[in-house]
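The primary structure of each chain is shown beneath.
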Amino acid sequence: MAEQQKGRVNDFVLKIANVNGTGSASANSLLMKTIFRMGIPVSGKNFFPSNIQGLPTWYEIRVSKDGYLARSGAVDIMVAMNAQTYTRDLQEVAPGGVLIYDSTWPRDRLLARRDIEIVGIPLARLCNEHFSNARTRVLMKNMAYVGALAALLDLDRAVIGELVQETFARKPALIESNVQAIDLGFEFARANFTCPLSQRVKAINKTAGHIMIDGNTAAALGCVYAGATVGAWYPITPSTSLMDAFKSFCERYRKDPQTGDKLFCIVQAEDELAAIGIVLGATWNGARAFTPTSGPGISLMGEFLGFAYFTELPAVVFDVQRVGPSTGMPTRTQQADILAAAFASHGDTKHVLLFPRDPRECFEFSVLAFDLADRLQTPIIVMSDLDIGMNDWMCPELTWDATYRPDRGKVLSAEQLDAAKSFHRYLDVDGDGIPNRTLPGVHPRGAYFLRGSGHNELGAYTEDSIEYQTVVDRLAKKWRTAATLVPEPEIRRTSKGAKWGIVAVGSCDAAIDEALDRLAEKGIYADYCRIRAFPFGKKVTRFLEQHDRIFVVEQNRDAQLKTLLLVETQYPVTRLTSVLHYGGLPMDCRCIVEALEQAAAPGVAA
Amino acid sequence: MTSIAKPKIVHHGLKRNALGLTVRDYEGGMSTLCAGCGHDSITAAIVQAFFELDIPPHGVAKMSGIGCSSKTPAYFLSASHGFNSVHGRMPSIATGANAANRELFLLGVSGDGDSLSIGLGQFMHALRRNLDMLYIIENNGVYGLTKGQFSASADLGSKAKRGEVNKQPPIDPAQIALALGGTFVARSFSGDKDQLVPLIKAGVRHRGFALIDVLSPCVTFNDHEDSTKSYAHAREFNHRAIHADFVPQASPIKAAYDAGEVFPVELHDGSRVLLRKLAHDYNATNRGAAIEYLRARQRAGELVTGLLYIDESEPDLHGVNGTTTTPLNRVPFEALCPGPEALAALQKRFR
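Read top to bottom, the protein sequences are chains A and B.
The numbering of the first sequence is my numbering, which starts it at 1 and goes up by one.
The numbering of the second sequence is my numbering, which starts it at 1 and goes up by one.
Mixed in with the good hints there might be a few duds.
[Unchecked claim] Distance windows between CB atoms, simulated: (1) Gly288(B) / Glu176(A): 18 to 24 angstroms; (2) Glu302(B) / Ser326(A): 31 to 37 angstroms; (3) Met329(A) / Glu302(B): 41 to 47 angstroms.
[Stated by the list, open to error] Dumping the calculated BS3-like pairs for lysine-lysine here, alpha-carbon to alpha-carbon at most 30 angstroms: (4) Lys421(A) / Lys15(B); (5) Lys247(A) / Lys171(A); (6) Lys539(A) / Lys499(A); (7) Lys65(A) / Lys193(B); (8) Lys410(A) / Lys522(A); (9) Lys202(A) / Lys277(B); (10) Lys421(A) / Lys6(B); (11) Lys499(A) / Lys538(A); (12) Lys65(A) / Lys522(A); (13) Lys6(B) / Lys247(A); (14) Lys8(B) / Lys421(A); (15) Lys193(B) / Lys277(B); (16) Lys477(A) / Lys499(A); (17) Lys167(B) / Lys255(A); (18) Lys499(A) / Lys421(A); (19) Lys193(B) / Lys171(A); (20) Lys539(A) / Lys496(A); (21) Lys522(A) / Lys477(A); (22) Lys522(A) / Lys478(A); (23) Lys262(A) / Lys171(A); (24) Lys15(B) / Lys262(A); (25) Lys202(A) / Lys410(A); (26) Lys206(A) / Lys277(B); (27) Lys478(A) / Lys539(A).
None of these hints come from the bench; they were simulated from the model.
Backbone N, C-alpha and C fix where the C-beta goes; we use that ideal spot for every residue, glycine too.
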């Protein structure tokens with residue numbers, strides 16, 4: 001059985017089971033970054049509870065020389081630090097794998113599996129003997145397993161040392177104890193076990209030009225670079241770290257060096273209703289403004305989102321999706337707000353959605369969202385999710401074009417208003433469905449009355465059917481214009497002229513990337529269309545039409561993306577097959593491979 | 001928000017203000033409220049106050065929510081920007097507007113349904129932020145547009161037109177404002193223009209959240225004999241505790257008042273409010289005492305009016321935030337974007 005694991009250099013999954021609140025995050029991040037700096041592609045997924053202290057938490061690191069960033073679905077090495085979850089953690093280890101546990105306390109049940117290697121390291125005893133402070137003893141157990149893994153996996157100790165220095169640069173007093181704890185684990189492992197294991201790492205050069213970053217941080221950076229000045233929010237998992245990051249970037253980049261005056265204003269609102277209201281008040285005045293939220297916040301923002309659609313106010317909303325319905329599972333991931341976001345609010349309302357696949361696209365789409373919101377004078381909802389938003393992803397370095405200038409859309413200046421004969425807020429002067437707008441206080445001729453009640457194209461109140469329809473029909477025209485401005489899908493074609501196509505959005509991408517390779521090995525070929533925005537645009541329709549059968553991969557129970565495809569295209573429902581993954585953990589490629597394999601099996605009608 | 005355009009007739013010799021504008025330039029469309037509605041008197045007071053303060057109309061934003069009161073911005077300052085928000089959410093829009101453009105003057109008009117029921121949370125949080133705006137509640141104790149339901153400000157024992165008796169205690173916005181640290185708390189009656197106009201002027205010039213709760217009778221649904229928000233009841237039980245006169249910047253204080261009787265308060269732009277006690281035991285700078293006074297008179301069935309409390313020393317939203325004095329919507333992009341070098345340097349931390 002150990003044969004299966006032989007030669008697993010730079011290709012395995014390491015999972016650490018821990019207790020929430022025991023300080024394992026920095027140890028886990030240290031492990032991941034060490035591997036990354038050794039040039040080996042890596043991804044880290046944090047499975048954490050909605051809790052501050054005491055409940056189980058896991059961190060899963062996939063090391064992949066081939067650069068696969070999705071979960072693999074298997075665990076090769078388990079570091080079992082949590083007695084509560086011991087039994088299931090043990091069961092999860094793949095045959096031939098390794099279980100590392102704290103052998104301070106003997107655990108007979110561990111012997112129940114003979115198909116894996118058991119590595120006992122007395123982490124608590126080592127730390128208790130070495131450290132006197134109770135909290136330090138707990139924290140340093142984590143660093144001790146990092147040390148043990150350094151020996152077992154052959155991690156570069158110089159890199160670890162460098163990372164410890166950087167991590168605790170602001171608290172140098174902690175460096176010594178951390179280094180000691182790492183040494184304790186390292187020495188014990190080396191003295192008592194054959195090191196390294198067959199699952200181990202070896203430095204290569206596949207991470208140059210890349211960074212490890214989470215989507216919320218990247219999106220926040222996008223807000224800073226796009227020139228957003230007003231941020232309003234109500235704290236909600238998993239979007240909170242987006243505003244935290246925006247705040248810390250603004251403290252760094254947006255303070256007047258002389259006076260300390262802030263070139264930003266962040267308002268922590270009383271709820272999400274107020275948060276979106278603050279955004280709209282700001283964009284009405286021409287500032288770039290945004291709010292990060294999650295599903296429950298989208299529900300609460302419904303009324304104002306419809307108001308913004310109808311009154312034509314820009315807004316940028318980040319929906320970092322979590323598991324619903326209702327409160328659901330706040331610390332698990334899903335793509336289950338697609339329909340709620342697309343049609344948020346009553347009446348004939350629809351919203352432009354952007355679907356980033358990873359943190360890099362969170363950065364790019366964040367900037368783009370502000371341009372589109374200004375250009376289209378409507379809310380743009382960036383559909384991130386917990387997996388993208390809160391996990392560190394390896395992606396190419398972010399770049400910035402120094403010549404970029406914001407597209408502020410059709411905002412009339414004082415000079416333009418001075419020269420104009422008249423201004424009417426909702427008149428389609430250019431034939432693209434997008435009217436001119438003005439900002440308060442700029443010019444007497446620019447004043448108009450903004451209202452969510454029925455209005456005509458001149459901006460006046462109306463209850464007249466024809467006048468009302470003129471406005472909503474023009475909004476439909478604007479929607480068609482939007483379809484030409486949003487990012488096109490990313491299409492990947494096999495060289496084999498595939499008759500099947502896969503359609504997906506966002507964070508499914510990493511799993512599909514791997515699934516396509518696995519399927520090709522079995523002689524099954526499919527083209528892939530990654531939709532990046534709603535409305536979909538012509539290229540999506542064409543992709544559908546070019547394929548006999550479409551597999552729609554998404555992370556929700558009700559096939560929401562498929563529903564949208566049926567609403568917006570004429571593609572026959574009978575040729576659409578859903579591949580659904582909605583348990584709340586980031587998806588791996590298995591469900592996709594299985595679905596296409598099954599469809600390709602002899603006797604199954606295609 | 002129905003309104004009828006009003007022909008603009010400027011009589012020869014009509015008085016002009018410092019901007020060369022006449023009072024007509026501060027009017028709006030024809031009101032479509034019921035004849036005799038208190039709200040129309042408040043509209044007239046707003047027109048007069050803004051005209052006399054020489055405020056350029058296009059630098060004002062009229063903010064409202066939903067309800068009869070929220071319709072009134074269509075009836076004044078037609079050259080100003082208007083924002084008719086969703087029900088009860090005007091304070092959040094105003095917050096964003098102020099965050100983005102601190103030089104825009106915000107005039108909020110709301111009602112007792114809009115501010116004390118559906119929008120009570122937003123009203124209180126705007127107060128708590130000391131948002132720089134004038135916020136007028138046109139308070140009539142009743143829902144007009146939906147035809148006569150009690151609002152949250154209806155007094156205990158007050159009878160609806162159809163005979164139902166209100167059994168829940170009223171929410172008093174002035175007491176809420178005092179309790180939440182409001183920095184300008186006033187109350188008036190739509191039928192008392194002499195009191196209301198100087199209050200509006202002082203509220204405009206106050207830095208921070210200026211609340212004026214104005215009893216404004218609903219002639220259609222709440223002006224009957226057993227109503228405590230009728231014209232007759234208001235006239236009988238209006239307890240004018242303290243009068244505020246407004247003195248514009250650089251105007252000398254007329255020596256009409258004896259020192260000791262009059263207490264001047266300087267506003268942030270240099271204009272002044274002269275507080276004159278009508279009730280000898282009233283103190284408009286003592287928050288706790290003001291709350292006690294209001295409660296005691298409320299128990300006696302009276303409505304205390306005047307500039308109930310003023311504090312010019314508290315910072316507003318931007319003061320707390322430490323925002324730059326240039327309105328954020330005018331800060332050039334070059335000052336906001338850190339550029340490619342900063343991005344490259346920052347990313348070292350992500351390796």
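Decide if the proposed pair is consistent with the structure: Lys539(A) and Lys496(A), CA atoms, cutoff 30 angstroms inclusive.
-> Holds, at about 20 angstroms.
Assess, step by step, whether the Cα of Lys65(A) is no farther than 30 angstroms from the Cα of Lys193(B), and give holds or violated.
-> violated, 80 angstroms
30 angstroms Cα cutoff - pair Lys167(B), Lys255(A) = With Cα atoms ~54 angstroms apart, Lys167(B) and Lys255(A) exceed 30 angstroms; violated.
Could you grab the alpha-carbon distance between Lys262(A) and Lys171(A) and see if it respects the 30 angstroms cut-off?
-> Satisfied, since the Cα-Cα distance of roughly 28 angstroms is no more than 30 angstroms.
Does Lys477(A) lie within 30 angstroms of Lys522(A) when you go C-alpha to C-alpha?
-> Roughly 46 angstroms between the alpha carbons, so the hint for Lys522(A) and Lys477(A) is violated.
Cβ separation of Gly288(B) and Glu176(A), checked against the hinted range 18 to 24 angstroms = violated, 55 angstroms
Sort out whether Lys262(A) lies within 30 angstroms of Lys15(B), counting only the CA atoms.
-> Violated, at about 43 angstroms.
Do the Cβ positions of Met329(A) and Glu302(B) conform to the proposed distance bound of 41 to 47 angstroms?
-> About 55 angstroms separates the Cβ atoms of Met329(A) and Glu302(B), which means 41 to 47 angstroms is violated.
Within 30 angstroms, alpha carbon to alpha carbon, are Lys421(A) and Lys6(B)?
-> holds, 21 angstroms
Regarding the pair Lys539(A) and Lys499(A), is the alpha-carbon distance no greater than 30 angstroms?
-> holds, 17 angstroms
Is the straight-line distance between the alpha-carbon of Lys499(A) and that of Lys421(A) 30 angstroms or less?
-> violated, 57 angstroms
Glu302(B) paired with Ser326(A), Cβ distance criterion 31 to 37 angstroms = violated, 48 angstroms
Checked against the numbered hints above, the structure breaks hints 1, 2, 3, 7, 8, 9, 13, 16, 17, 18, 19, 21, 22, 24, 25, 26 and satisfies the rest.
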